[in-house]
Amino acid sequence: MGQPEPSTPLAEDWQRALAVVAHPDDLEFGAAAAVARWTGQGKQVVYCLLTSGEAGIDAMPPERSRVLREEEQRASAAVVGVDTVEFLGLPDGLLEYGVALRRAIAAVVRRHRPDIVLTNNFRDTWDGAYALNQADHIACGRATLDAVRDAGNRWIFPEQLTDGVEPWSRVREVWAAGSPQARHGVDVTASFDRGVASLRAHGAYLSGLGDGGFDAEEFLEGLARPAGTRLGVRYGAAFEVFRIDLA
Numbered sequence: 001m002g003q004p005e006p007s008t009p010l011a012e013d014w015q016r017a018l019a020v021v022a023h024p025d026d027l028e029f030g031a032a033a034a035v036a037r038w039t040g041q042g043k044q045v046v047y048c049l050l051t052s053g054e055a056g057i058d059a060m061p062p063e064r065s066r067v068l069r070e071e072e073q074r075a076s077a078a079v080v081g082v083d084t085v086e087f088l089g090l091p092d093g094l095l096e097y098g099v100a101l102r103r104a105i106a107a108v109v110r111r112h113r114p115d116i117v118l119t120n121n122f123r124d125t126w127d128g129a130y131a132l133n134q135a136d137h138i139a140c141g142r143a144t145l146d147a148v149r150d151a152g153n154r155w156i157f158p159e160q161l162t163d164g165v166e167p168w169s170r171v172r173e174v175w176a177a178g179s180p181q182a183r184h185g186v187d188v189t190a191s192f193d194r195g196v197a198s199l200r201a202h203g204a205y206l207s208g209l210g211d212g213g214f215d216a217e218e219f220l221e222g223l224a225r226p227a228g229t230r231l232g233v234r235y236g237a238a239f240e241v242f243r244i245d246l247a
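Numbering (UniProt numbering), first residue to last: 1 to 247.
Hints in this document: simulated from the structure, not taken from any laboratory. All C-beta atoms, glycine included, are put in the ideal place defined by N, C-alpha and C. Please note: incorrect hints may appear among the correct ones.
[What the hints assert, rightly or not] Between beta-carbon pairs, the in silico distance windows are: (1) 159 - 245: 24 to 32 Å; (2) 97 - 164: 37 to 45 Å; (3) 64 - 158: 35 to 43 Å; (4) 190 - 158: 43 to 51 Å.
[Unchecked claim] With a cut-off of at most 20 Å between alpha-carbon atoms, the simulated EDC-like pairs for lysine to aspartate or glutamate come out as follows: (5) 43 - 70; (6) 43 - 83; (7) 43 - 13.
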C-alpha cells in the first residue's frame, strides 16, 4: 500500500469564521479541536446550528431533548473558546435543500460577515464508498455553499437588507470538515484534548449511542491520526476546501 497523499495546510490569515451545521455535536465530531486552535490564535468563531437536535435521543421526547441539547452545545462551544452560539430552530431530521434554507443561512452570513465559513461533510458518504451520510448534513452543506454566494448578491433576498445589514461578498472559502474528498488540513496536536472535552460535553447524547460505551477520545483519535499523518504531525483535522466565486 502506498503512502497517503499529503494534505495542504489551511490558510490561517483570517480573523472571523462562521460555522454552520445541522445539529448539536456535528462540529465536535472532528472539527472542534481546529476551532480551539483558531480561537487560541485570537480568531473569532461563531456557531450557527440549524436545528437543536431534538430528534436525536430516542429515549427522550423532543421538547425536553431540545432544551438539553442546546445547553450541551453551549457548554461544548465554551470549551473551545466560542461564546456565540445561535439556533435557528429548524426541524431536526427534516431539513430540505432549497430556497428557504438558503435564505435562512444567507441572513446569518450577512449578519456575522465572516472571512471563512465552516460546515460539515455534505458528500453522499463519509468514506467515499459505503458509510452513508445523513440527509440533514447533505442539505445543510449544499445550502451553506450556495447561501454564501447568495449573501454577496444584493438582489437575492433583498428583504434582509434593512437596519444596516448589507450584502457580504468577502467569504473567501467554505471548509467542509470530515469530507472523504478532503485535501487540506490543520495541525490540532496541541488542541486535541480540548476537542475531546468539547465532544464529551454532549453527555446526554453520547450516552444514548450504541451500548452507551462510546469513547470520545478513541473515536477522535481514529480521525485525527490519519489526518495528522497526511500533514506530517501527530493529530490533524481534515477539510475539503471550496473557493468562492461570485461571478
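Results of checking the hints against the structure:
no. : hint                  : verdict
1   : 159 - 245: 24 to 32 Å : holds, 25 Å
2   : 97 - 164: 37 to 45 Å  : violated, 30 Å
3   : 64 - 158: 35 to 43 Å  : holds, 39 Å
4   : 190 - 158: 43 to 51 Å : holds, 44 Å
5   : 43 - 70               : violated, 23 Å
6   : 43 - 83               : holds, 12 Å
7   : 43 - 13               : holds, 10 Å
The structure shown violates the earlier hints numbered 2 and 5.
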